[in-house]
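Chains as they are written, first to last, in my numbering: chain E, 1 to 248; chain C, 1001 to 1248; chain W, 2001 to 2248; chain Z, 3001 to 3248; chain L, 4001 to 4248; chain D, 5001 to 5248; chain V, 6001 to 6248; chain X, 7001 to 7248.
In case anyone wonders, no lab produced these hints; they're calculated from the structure.
The C-beta atom is built at its ideal place from N, Cα and C for all residues, glycine as well.
Treat the hints loosely; a few may be bogus.
Stated by the list, open to error - A short, non-exhaustive set of chain L residues, derived as facing chain D with CB atoms under 8 Å: (1) Arg4007; (2) Leu4010; (3) Ala4011; (4) Val4013; (5) Ala4014; (6) Ala4023; (7) Ala4066; (8) Gly4119.
Protein chains: 8
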Amino acid sequence: MIRERARALLAEVAAGTRTPDEALDALVGAPLEPLAFAHVDHQRALRQGIPEVIYGPGKNTSEIVAIAERIVDRHARFLATRVSDAQAAALIERFPDCVANPRGRTVRFPARAERSGTGSILVVTAGTSDLPVAEECAETAASLGIVTNRLTDVGVAGLHRVVSGMDVLLKADVIVVVAGMDGALPSVVGGLVRVPVIAVPTSVGYGASFEGLAALLTMLNSCAAGIVVTNIDNGFGAAMAAARWLLK
Amino acid sequence: MIRERARALLAEVAAGTRTPDEALDALVGAPLEPLAFAHVDHQRALRQGIPEVIYGPGKNTSEIVAIAERIVDRHARFLATRVSDAQAAALIERFPDCVANPRGRTVRFPARAERSGTGSILVVTAGTSDLPVAEECAETAASLGIVTNRLTDVGVAGLHRVVSGMDVLLKADVIVVVAGMDGALPSVVGGLVRVPVIAVPTSVGYGASFEGLAALLTMLNSCAAGIVVTNIDNGFGAAMAAARWLLK
Amino acid sequence: MIRERARALLAEVAAGTRTPDEALDALVGAPLEPLAFAHVDHQRALRQGIPEVIYGPGKNTSEIVAIAERIVDRHARFLATRVSDAQAAALIERFPDCVANPRGRTVRFPARAERSGTGSILVVTAGTSDLPVAEECAETAASLGIVTNRLTDVGVAGLHRVVSGMDVLLKADVIVVVAGMDGALPSVVGGLVRVPVIAVPTSVGYGASFEGLAALLTMLNSCAAGIVVTNIDNGFGAAMAAARWLLK
Amino acid sequence: MIRERARALLAEVAAGTRTPDEALDALVGAPLEPLAFAHVDHQRALRQGIPEVIYGPGKNTSEIVAIAERIVDRHARFLATRVSDAQAAALIERFPDCVANPRGRTVRFPARAERSGTGSILVVTAGTSDLPVAEECAETAASLGIVTNRLTDVGVAGLHRVVSGMDVLLKADVIVVVAGMDGALPSVVGGLVRVPVIAVPTSVGYGASFEGLAALLTMLNSCAAGIVVTNIDNGFGAAMAAARWLLK
Amino acid sequence: MIRERARALLAEVAAGTRTPDEALDALVGAPLEPLAFAHVDHQRALRQGIPEVIYGPGKNTSEIVAIAERIVDRHARFLATRVSDAQAAALIERFPDCVANPRGRTVRFPARAERSGTGSILVVTAGTSDLPVAEECAETAASLGIVTNRLTDVGVAGLHRVVSGMDVLLKADVIVVVAGMDGALPSVVGGLVRVPVIAVPTSVGYGASFEGLAALLTMLNSCAAGIVVTNIDNGFGAAMAAARWLLK
Amino acid sequence: MIRERARALLAEVAAGTRTPDEALDALVGAPLEPLAFAHVDHQRALRQGIPEVIYGPGKNTSEIVAIAERIVDRHARFLATRVSDAQAAALIERFPDCVANPRGRTVRFPARAERSGTGSILVVTAGTSDLPVAEECAETAASLGIVTNRLTDVGVAGLHRVVSGMDVLLKADVIVVVAGMDGALPSVVGGLVRVPVIAVPTSVGYGASFEGLAALLTMLNSCAAGIVVTNIDNGFGAAMAAARWLLK
Amino acid sequence: MIRERARALLAEVAAGTRTPDEALDALVGAPLEPLAFAHVDHQRALRQGIPEVIYGPGKNTSEIVAIAERIVDRHARFLATRVSDAQAAALIERFPDCVANPRGRTVRFPARAERSGTGSILVVTAGTSDLPVAEECAETAASLGIVTNRLTDVGVAGLHRVVSGMDVLLKADVIVVVAGMDGALPSVVGGLVRVPVIAVPTSVGYGASFEGLAALLTMLNSCAAGIVVTNIDNGFGAAMAAARWLLK
Amino acid sequence: MIRERARALLAEVAAGTRTPDEALDALVGAPLEPLAFAHVDHQRALRQGIPEVIYGPGKNTSEIVAIAERIVDRHARFLATRVSDAQAAALIERFPDCVANPRGRTVRFPARAERSGTGSILVVTAGTSDLPVAEECAETAASLGIVTNRLTDVGVAGLHRVVSGMDVLLKADVIVVVAGMDGALPSVVGGLVRVPVIAVPTSVGYGASFEGLAALLTMLNSCAAGIVVTNIDNGFGAAMAAARWLLK
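Just chain E, with the same shape it has in the complex (with noise of 0.2 Å):
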């Protein structure tokens, strides 16, 4: 659109009805500064996918409400996150054919997303109280169109967890690992594969686990090479990225 008023511009400078001068301020002046951007917004459009995420926290119920129903007018879709329940209630009834995950305290729509690329994403839990971040992670995925996998419960105490889980940690395409306490497992998996993986600080634990600034800790400073780690509780952020490569 942009690039069209450019050219529209350009096309009554070459048919004499406007001057170059004239021109040269449309372009210039402060309406132009988007054009510059234009490859931006193409390619944000090409992730037509990923339209602006809903942040719960500080909206009231209408204001979610109508801030979804704006988004869902242009994409047709919308993934709200950390919604409350009084959230979440009030989008669900604005929007029935929703999938809300209280669990993962997300609301996204609609239902059904069409599949995006061929890679799959599998996300690893340490421990069962790790789930609402492997749930957020699923559903953010769900809403892109990307199909997830789980292992449940596989902490390094318990190696032999890790091990029978194997053949399906060697086939994955992205290992969301997501940990709290001593945020050991992404080490653990990182070494067993040689796909990306995300280590997803939780703040499951207490004392010194200082809200999971001991697994973020933890996980920057892993001993297998190439891990990358996000935000403590960031499931929403681990799927993005892995949204990074499979959509790429």
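Fit chains C, W, Z, L, D, V and X to the supplied structure of chain E, relying on the hints for placement.
Coordinates of chains C, W, Z, L, D, V and X only, in the frame set by chain E:
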């Protein structure tokens, strides 16, 4: 210049020597990106007095001299901060007319900068150990053509010293308060004056000063309303912040 | 007034109606202490617009109303910040002509403040969750008679949004940039403009945002020279800092 | 007494009515341990006025009453700190002659304590939000029979307020300075007086006050020599420290 | 091979030349442990290009040469990181065909690695002080046969520099963004591209950069969705992470 | 059991009822992975007393009951820690023979565990507020059939209390020392005894105790050699550590 | 003196040799400011024994000698702390009658100070590595004419050593307890005595001592009521705090 | 010995060669204090193998030799830790029969210690950089007459290496696991064995390892139940902890 190039393109379109589509490609393609930033460059040009500053750490003596030469070629001036003795010596040898301040670890060129604006900065220090940061501030100001005055060694533990400087404080346009250890001085000064107060924590102290963290936190929590803060030991930044007001 | 009292004393000494020793006691005794601070009071009087601000936390509703009454008696105006819903309700009941801003958690009186100075503040926010802090800033400015403009939701991850606001940015007198999470916006804005930029980190975020610490550190380390920083969530302080420039 | 028991044992050995080995067991066995600590108990007895203090958190109302009863039985007095409303109510019901201070969260019994020593404590506070800690300090002092005076709301941003209190400051025996936010007040007070200054940081503030850490660090780094510091919000500890001087 | 050994054992049992119990001991005893890890070794073999990397710190020159020799014997290549000048000199003397990068503190052998895969890494740096980390990243990639491109000195305070590099950014397969101080660059880059962005905080800065902590936190809290982060100064790890995608 | 399955397979091969290849698949295929860990399982089996422990947080009442049932089915016992009142009530209703400890927030089943080994644990606490952690430790020990003794309220500020407990200390097999606030008790106890001392910091305290961080650091830096430390408030872990010694 | 000057002015007014307005200018003008602080100066004069102390870091040898000379001129004494070997040598050369303490890094002059007051300080150290801080404390006290006694190497891990010093502890007027690592000693000492206890954390230790932070936190959280704390390694401050009591 | 002295005194009383009062003075007087600690000393005597250990830092070569001589006089053995090269050389010259371990920075004497107990320590290390801490542990054990075995370089990123060491792990009496960086190894080892596991974090790493803090937090939050932790780099403490079990 960019504007000129755009104007030339448009003239060619008007003259029929270039089609609108060719011009579009030239404008919207990669070379066009900087266009939208023409203002930026324009307004950067307006503040000619603030060319890129040379940050000493990590450069060898020949590199720092080469960079200084390049900047002098374009701006006829330079400022280097946090320079080592060897870097300073190399710059002095190459630019004999420079001003080197060993305590402030700066070198600036030329010795005499034309005065900018009419305001001046008052640099207040809590203790003599804070002087290197005050010097860096003063030298940065000098390189911008801004005059600085001093009120030195007026730590809050000797309140009469602050009060003795009352007249000086009340005449200032902008006050930069440099303090380590407890960092309490900006709170006192901020309560005495109504002009802008820029607080610079220093790493002076030991033990629980944690390299300036204590002073930084004190200043961020100042009970004097409207105190603003820079990074620890950032005399350079304080002068630049003052310049944003005095030269705007 | 104090000066007058001193002058009267001296006149009595000259007239012989008071001995030098009596005058000395009157001057040097306890009541005299404020004398040296006469300037201070004088210049405080000059900025009449900034009477003591009421900080809500820890006051019950009758206390906060009583304090507001006392300040209104002397200054015909007040500003209360971080007020609870109950505190706001009590103030509204007592001062029907006040302006209560629930999002900014402020109450100010009277609704209409006379405009001070000619400059204005541009408040830029990275995300919608940063709005409460922006509101506190705007309300504080309003209580001082300073006009604020807004540039909202221009986080750096969507750079075209910042650039689209270029014209607004370039017209500002002082810019307050409010941002949580990565706190990167002030660095970008600071590089685009030459006016004062006051960065306000917010506690928006989770996990490794550590309640705003991440954004605070980002801003203190800004690669844009001359950015100054306030405490986390301190919209009030940012407005007060801006006032130091605009009203000086 | 212990010495007597030992002497008796030795007499029996001398008399041959007890073998050396039997005496050895009696002397070196478990019952002997307290012997070396006889002084300790003796000197604890000397400061009868400081029986064990009841720390409220984690005790239910019947527990706290029972503990208070036991202490009253032995010492005819008690002090409870950090009590909840329910705990306070229970203590008031059981000990109608007690003094409950809701702001300081203390209950002490009996209402009237005999005055100890001749000195008094001056409790200085920076802001009204620091009052709960000041109250805890004053109530602790009262329970020890020590008189406290007050100098309130003399934060350093309004220096004239501190100076107005000069006379009061200069008459004090021991000064407890209670301050949150920037915690700068003890540095100012410490520079004005030569008596002991005990600095108590409070958790008053937000953002980078980090629950009182900022004030704590400020005080530990005070540029006024000889300032000593207690834990955050520890009004109780400050009074106890003052008592060590006033009652020694 | 392990499978073959197991098969042989079972054949012997079937042939009656070994009892089930003997076979059981052979299978379940210590020598069997590696069996379950056969896949692992197999897949490790597949990525032959990534033999153990030599971490310089704490090794003397003869040790580091010996280790390099052992790895070269098995893999005909090696990569040493964080080497001292003395370590580099010793390796150069022993392996004249190596590539030593003093700025990146790496030595790799042989000089020419066969190209792996078809993708390449774009290494973007905020300032010239970040170059050592960028060099470590590039050398690691080179040792794996991966091509790297560069976009240098595009810190966010000069936004036009980032935008000028738009074309380069949009062509990249994987982007490694290296930045110290405020660490804001990955947020800007992440918002401009849809490919994987690996953010590497550096220890460049002073004061409240806390040796790279500020940049690390910024990146973990990036408002650009799907940014992943490595340890501070970990150029090596970023290349290894990129390799997981490019070589998978 | 796994060993039995392997033996059965081999017997079938020996008997000719299964071909070596069929057996190989059964042994080496995915199901085989656990085999290498047979020892592990075997030795886990040996300590039957330590089945998986149920961590309460994040489970609803029906989930926690279901998990407890599953564990009881296999092990005829269970231990649940950090349970809420509701969780405890649900478990009590389902397993009337359980032991619920509200202070320690544990439920264990059955009420009577067979005594394991001959040693016992001495749990020493500094203050009454540390009792919940001591209870968790004792209940964990009880669920393992280990006897615990107590030495309560022997904080180092009343040294005679520690010394009075000397006999008890000297008879202990393993000592768990539970302390909050200054966390000094393990240093004193560690210097008095030669048996293992496991130090458990608690979150008891306020202000600069930073939720137990102060006590944790104290214990890690103990001047009594050979003190080992667990996470903050980890009474469970201390009992498990003691069990490693007493039941080995 | 200031009072005298004021009195003289008033006498001149009374005598008619100076008009009231002239006197007013002299009194209220800039030179008057110090007036309100007359008490301050007066009382500062009273503690003549505590002239400004010279803090070594950041001064070259000629600067430190010059400052010492100036202080000696006014006060006939000086104390320099944290001096380097070169600084000490320069001071010794200039003031041969000084006392240099290499371990405490102090130089004081003259060698013999007149005894002030009747009380003395007991300096208790946990380990021999804490001696430098103890020496700084003792030298500071000596420079003030205060006698110090010692109780050395009585760390809490060897409780009998503390108890052996019981008699010494009970005779002290003020006790300074110097301890690194776990910092537990003040809690034990504070529980044994009723006199003031000033706790000085030292940076002795490694790892999780975090340069004295562990000891600092321990002391701030001491379970012995009424312990006060100084900055890490601040032997100087502890002596000054003791002086506030002993010399008041 | 103390018991012997008491017994001798009593024998003299029984024999009539000493009066009860004389014996009383000898037993209960000032010299008596240690008596109550007779058990302590007695039991300290029992572990003769653990005389005071010499901590190198802060001692000059003549001091360290003198201390070693004094300890050798009483105990015929010594252990010095964290010794500098110069300290080691001085000790070697004086005690040619000592064992100096440059990597572990220890010197112990005599070379051959009599074996204590029957158990042994297995020291497991994650990487070769962790060896100095492992050496300190082994030398400390050797000085106590305890045998150590090694399992080296078995970091969790190469899980097959841990599993290959399974037999060694299962035979250990006490396991000390030494690991830096992510500190994940103790979690894995702790899940594989049932004997005591003492985790020692090391300062190996960079950036967000924060000098071992990351590994420390990982270990404190280990998901393997019953892991205990020492200070960072505290190989000495781990051996002493192991000795508490093996020699009790």
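To see whether the hints hold, each was checked on the structure:
1. Arg4007: Constraint on L:Arg4007 satisfied, holds at 5 Å.
2. Leu4010: holds (4 Å)
3. Ala4011: holds (5 Å)
4. Val4013: holds (5 Å)
5. Ala4014: Check passed: Cβ of L:Ala4014 comes within 5 Å of chain D, closer than 8 Å.
6. Ala4023: Status holds, d = 5 Å.
7. Ala4066: violated (33 Å)
8. Gly4119: violated (32 Å)
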